[in-house]
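So the protein lines, in turn, are chains P and L.
This note's numbering puts the first residue of the first sequence at 631, with every later residue one more than the last.
This note's numbering puts the first residue of the second sequence at 729, with every later residue one more than the last.
Think of the hints as simulated: they come from the structure by calculation, not from any bench.
No residue lacks a Cβ here, since even glycine has one placed at the ideal position from N, Cα and C.
Possibly wrong hints are sitting among the right ones.
To be verified - A partial selection of chain L residues facing chain P, derived with a Cβ cut-off under 8 Å: (1) TRP744; (2) VAL753; (3) LEU754; (4) LEU755; (5) PHE765; (6) LEU769; (7) LYS782; (8) GLN789; (9) SER792; (10) ILE793; (11) TYR803; (12) VAL816; (13) HIS817; (14) GLU818.
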Amino acid sequence: MDVQTLTYLFVGLSFALYIGIAVWSRAASTREFYVAGGHVHPIANGMATAADWMSAASFISMAGIIAFMGYDGTVYLMGWTGGYVLLALLLAPYLRKFGQFTVPDFIGTRYYSNTARVVAVVSLILVSFTYIAGQMRGVGIVFSQFLNVDINLGVIIGMAVVFMYAVLGGMKGITYTQVAQYCVLIFAYMVPAIFISLLITDNPVPQFGLGSDVADGSGMSVLDKLDNTLVGLGFGPYTEGSKSTVDVFAITLALMVGTAGLPHVIVRFFTVPNVADARRSAGYALLFIALLYTTAPAVGAFARLNFVETVHDTPYSEIDPWFRSWEDIGLIGWLDKNHDGTIQYGPGAPFEGRPSFSEVRGLLDERKVVNVPAAGPNEVYVDRDIMVLANPEIAALPGWVIALVAAGAVAAALSTAAGLLLVISASVSHDLIKNTFARQITDRQELLYARLAAAVAIGVAGYLGINPPGFVAQVVAFAFGLAAASLFPAIMMGIFSRRMNREGAIAGMLAGLVFTFCYIVYFKFIAPEQSNAERWWFGISPEGIGALGALLNFTVATVVSRFTANVPEHIRSLVESIRIPRGTDAPAQH
Amino acid sequence: MNDRDNAQSDGPKAYWRANLKLTAVLLAIWFVVSFGFGILLVEPLNRIAFFGFKLGFWWAQQGSIYVFVVLIFIYTVCMHRLDRKYDVHEDPDSPERRGD
């Protein structure tokens, strides 16, 4: 069978599995729809959380980003894992004890205020839609590259599958499909990583391979060789960064705090039976996530080394076939500036912007790039995203591995999209309709609204996937910055401070939200030409500003709460009760 | 009756203090391995070789993540003990659990 047929087979089989699970785990009540009945085993929830968390970006882009950023890629590795420590120690057990369905539920009840609830819903929807547009786009890209389907058709197929299990099954359907999706995606990530590690270092464990010697008899370790090679080409060393320490610190902190404040991750901990399980489940979730996150830096380093060695100083006529196949898709571009027929790779842009190609091919049958050449010797444009996807080809792995990677990338994108859709629909049906506008509706009606809201949200997500607002890549900072600056501080103070009142929490959330929003909009959209370390406040880039936003939230909330009314007695006892595990008792259970 | 009342009003407070202490210690470790070793001290640590890695780089891209996982499991085990010590644990089989 050729790669194409295998890919259809693998992706098709995985879809059949997801839909089968959806039919089997149909949700019958709002409790099942929102929190899977609260009966999910902590290990299953750990896997579901891991799949929920690891998106198309983690699966496809992260290793590539690290490959090209070297040490600076650390901000993503630590930022997107360290947040789970905050989540496990500061939020998850207490929110499980509180035992409601959504994050705005907690904020609205704890701060005895529908205004606080609505502010939380607004942050939640902003955060989740920013995130989801990228996921649908990821599905489309995978379809178009591996299955030769039009990107838009790919998005529509993805929407249809998510619709099946998110609308029918709610959280229950999503949880068990996510367990399956975790298995698919981690297998699909590890197999090529192990092969590549063996190929380059003879060590089958990528985490150890990264520290081993290169298996070419040179006696140099992978990282030393990478440092030497890159410095020889004029790059900075791989193991040292180019960002300022304060910026690395701020970005890491913003990503960690943002991770702990992301609603689609938090709600996963509402689905386990009790407080002890919520703690355990966070540990399993991070263990499953760490498997991929400690492999990614190895994949990144191997891929970079492989790329440089294969490409640099190689005559185009002798280049490996994968180079040409990615050139055909337009994610690699080569401009022979010195007309020697040989590829030179180095720092700096080869030409201005992304490559545009002329219809005619060049003398060596290369795709002719028509962009304005940039100064400097570099002749190669390479899209960072291809590193994980091209790895199996670069390492000449069998066709089934390539098919497996496609199925894994689709699993990563779908699982995250489904989790996000659920929190959006739950906060609309539960927080806005049930708890703000139409309190009298029955459980059945609320369930219907939840399904409708999920269907509408899928439609919007699909629209954003087909017509991506050109700035999807730039606004990742938004999702984490806003979650860090608004939701995390409000939830944490709601648990750890008995004195934090309605006025303080609302003022804090609004201050954090508005400050972070304005800072990012200013430097990303209004005056991107001013976005440099001299203009940034304290040298913190828009990616890291959520850390400052969170600090502002804490400060404003504390000050305002000192000058306003005390917290009512029943809220004080609510805080006392969520601090104690005993009596986890979901409402209307059994 | 009085004894039990005392235990119930005192127990949770002592439990909460013990919990805060444990959380603070674990978060201090969390901060030291990630922000300390991986970011602030990365340059001096990079002068030390560690199984083919520069030590600072290893902490940043590998070591800190391993420690994060271990920290959560240590927290789980210690909290399990604290829950029992201060008698605030939940036990699915006990008759105290309402609703079942």
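Exercise. May I ask which of the numbered hints given earlier this structure violates, with the numbers listed in increasing order?
Key: 2, 5, 6
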